[in-house]
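*Asks:* Listed here are the chains, written in short residue letters.
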Amino acid sequence: MPPIINDKKCVKCGCCAEICPLDVLYLDKKAPEKKLVVRYPDECWHCRACEKDCPKGAITMRYPLSHYMLHYKPEKGGASQ
Amino acid sequence: MKTYSCEFLVAGGGVGGLMASIAAAKKGVDVIVAEKADTRRSGSGANGNDHYHCYIPACHGDDMGRVRREIGASFDAGPWVDASMTDVWINRSYEIIRMWEDMGINMRPTGEYRFEGHGMPGFQLYNLKFDGKNQKPALTAEAKKQGARILNRVVINDLLTNEEGRIIGAVGVDVNEEEPELVVFQAKAVLLATGFVSRMYPSITPAYMFNTPCCPATTGSGQAMAYRAGARLVNMDMLNGHAGPKYFARGGKGTWIGISTDIHGKPFTPYGDKPSRATGDVTADVWPSCYHDRMKAGQGPTYMNCTETSPEDLDYMLHEAMVSEGIDSITDYTEQRGIDLSKEMVEFGTYPIMMGQRGIECDEHARTSVEGLYAAGNCVGNVNGSLAGAAAFGLVAGEDVAEYVKTVEQEAVAGHPLVKEKEALCRMLMDRKGGAHWKEALSTLQNLMNEYAGIDIQNENMLKAGYTYVQQLKADCLKELGCENSHELMRTLEVFDMMDLAEPIFFCCENRKETRGPHVRSDYAFTNVLLNNKFQTIVKDQSGKVHMDFRMKH
Chain E
2 MPPIINDKKC
12 VKCGCCAEIC
22 PLDVLYLDKK
32 APEKKLVVRY
42 PDECWHCRAC
52 EKDCPKGAIT
62 MRYPLSHYML
72 HYKPEKGGAS
82 Q
Chain U
1453 MKTYSCEFLV
1463 AGGGVGGLMA
1473 SIAAAKKGVD
1483 VIVAEKADTR
1493 RSGSGANGND
1503 HYHCYIPACH
1513 GDDMGRVRRE
1523 IGASFDAGPW
1533 VDASMTDVWI
1543 NRSYEIIRMW
1553 EDMGINMRPT
1563 GEYRFEGHGM
1573 PGFQLYNLKF
1583 DGKNQKPALT
1593 AEAKKQGARI
1603 LNRVVINDLL
1613 TNEEGRIIGA
1623 VGVDVNEEEP
1633 ELVVFQAKAV
1643 LLATGFVSRM
1653 YPSITPAYMF
1663 NTPCCPATTG
1673 SGQAMAYRAG
1683 ARLVNMDMLN
1693 GHAGPKYFAR
1703 GGKGTWIGIS
1713 TDIHGKPFTP
1723 YGDKPSRATG
1733 DVTADVWPSC
1743 YHDRMKAGQG
1753 PTYMNCTETS
1763 PEDLDYMLHE
1773 AMVSEGIDSI
1783 TDYTEQRGID
1793 LSKEMVEFGT
1803 YPIMMGQRGI
1813 ECDEHARTSV
1823 EGLYAAGNCV
1833 GNVNGSLAGA
1843 AAFGLVAGED
1853 VAEYVKTVEQ
1863 EAVAGHPLVK
1873 EKEALCRMLM
1883 DRKGGAHWKE
1893 ALSTLQNLMN
1903 EYAGIDIQNE
1913 NMLKAGYTYV
1923 QQLKADCLKE
1933 LGCENSHELM
1943 RTLEVFDMMD
1953 LAEPIFFCCE
1963 NRKETRGPHV
1973 RSDYAFTNVL
1983 LNNKFQTIVK
1993 DQSGKVHMDF
2003 RMKH
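As given, the protein sequences belong to chains E and U, one line each in that order. Be aware that the first sequence starts at 2, since it is given in this note's numbering, and climbs by one per residue. Be aware that the second sequence starts at 1453, since it is given in this note's numbering, and climbs by one per residue.
Worth flagging that the hints you see were computed from the coordinates, not collected in a lab. Note that beta-carbon positions come from the ideal geometry of N, C-alpha and C, so glycine has one too. Do not rely on the hints blindly, as some may be mistaken.
Unchecked claim - Each pair of labels, with its calculated beta carbon distance range:
| id | chain 1 | residue 1 | chain 2 | residue 2 | range |
| --- | --- | --- | --- | --- | --- |
| 1 | U | N1543 | E | C14 | 29 to 35 Å |
| 2 | U | K1795 | E | C14 | 38 to 44 Å |
| 3 | E | G58 | U | S1762 | 28 to 34 Å |
| 4 | E | G15 | U | V1981 | 42 to 48 Å |
| 5 | U | Q1862 | E | G15 | 33 to 39 Å |
Unchecked claim - Dumping the calculated BS3-like pairs for lysine-lysine here, alpha-carbon to alpha-carbon at most 27 Å:
| id | chain 1 | residue 1 | chain 2 | residue 2 |
| --- | --- | --- | --- | --- |
| 6 | U | K1986 | U | K1916 |
| 7 | U | K1986 | E | K30 |
| 8 | U | K1858 | U | K1478 |
| 9 | U | K1597 | U | K1858 |
| 10 | U | K1916 | E | K53 |
| 11 | U | K1585 | E | K53 |
| 12 | U | K1885 | E | K31 |
| 13 | U | K1718 | U | K1874 |
| 14 | U | K1874 | U | K1885 |
| 15 | U | K1997 | E | K30 |
| 16 | U | K1795 | E | K74 |
| 17 | E | K74 | U | K1726 |
| 18 | E | K53 | U | K1454 |
| 19 | E | K57 | U | K1585 |
Work out the full structure, taking the sequences as your base and the hints as a guide.
*Replies:* Structure, rendered in structure tokens:
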């Protein structure tokens, strides 16, 4: 689930759901208590717009293992070696 | 059903769309921007950019021959751009930089114009290093200030034309609420600025369709709408893709300060053997398929190697440049997983096809071949310029529209047959409970595109079969797909657009009976010199007949 929302910090303002370019987040206004749901996690682009624009700093990003960044230590350590 | 009337409708509130809305509204045109997401954070420039490809006379001199030659040679457009179109964005670039400064976008983070990245050794540098992290909020604020109306989460789905084929409006869907609502626009002119075709081919991680280098919300709808409305498309046979960290698809390769090397840290191109903050590494710009090509040739893996980048430059790259470019997910990822780029290289890959700068044919005024229809940005097929191209052609379109709307009258759109057709389609998809899901259809479309109209090799039999399979898939999708809510309807309509866009790709690939660049044919292995400097165009007339032609590059 890419965006992780910290319930203790989130004030359910809905800013993240408004600006998400992929419509991943959803503010359920009809629930008895307003509820913020990561509704379409596999449609996340991991762009961090929600994280950056959250006024309460309540969002962090989890990068799925599918998006693995392959890294390798060169044997001799440097580009010109 | 809701109805709006305006003089100028902009489909897509990215950089191109917002620039068009600003330019037109400034001249008193009544503008509406319809945006699939929210213009403050939408499109491939959602979170920023850090390079503005430009010509500033005081910095680059007056030798336009040199400027054109050097920009042309170091840019990832390859040969598939009209020089007359490139001139437009080059010549408007400095003016736009000053406009953006006035809007509060920081074009001089160091206090002066400084150029970095995408640089060819020995050439002048043309990429202005700026801080674009607030570019979308700033452009949105300016569009509103100039009087443009912005409708977020409204997806334009088809263009309305009159009997003569002139644009009179558009039809779309409002996806703000759980239940979608059809929206009909009456407009004298429409701009398509809908970006790349990000999800038509499988992602680098096929199980995760949204792992794409540029915004996965851009799905070729502008190109598909233009084709259905009778506009001419160009270069649909020249499939292309982007490059970057292999399984973590992200654009912005020019922001990296390192060099492309093999596993031993050895460079394989002549564009520099030491990391340079000034030039970056132009390898992936001029040879974006190098990572794929090298793997195929048994020469992989290939890395972005920052192990010799100075600690200052590495810190700057990760904590300033990538933030300005809006790709600091890379920074966040490497920090979360403890990857130290001063010691470890990151494997780069060539990403699957996304048809950047392949699509709608425009002239120097951003006009398409359909009267009243304009296009700007990555959905245009005969110009590149990326950010600078999108901004300039948005501006040009807005200016041209301001004159055009004075010459035509509004026409009634109520009762237009396409509105009824679209309403019936949406109702059918929403009413079909328990129907097939859009991901099933897209997964099959992606497989078909990859295997039958892919980048490795094609032949006439594969192209004919692939086209037939897509038509079969579309017919079954109409019978089986269902949507639970407006979000799913949006995604489903995207899939239908991509299936429609498959047609010009298959037809143009089949009709180019030669091998050239990324177009590799087993049945026509030679390169036909008679087609040198020629672009292939395709247009569907009102009777549904398809016409293809090769025209000279200009």
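*Asks:* Kindly indicate which numbered hints from before are broken by the structure, ordering the numbers from low to high.
*Replies:* As far as the earlier hints go, 1, 4, 7, 10, 13, 15 and 18 are violated by this structure, in ascending order.
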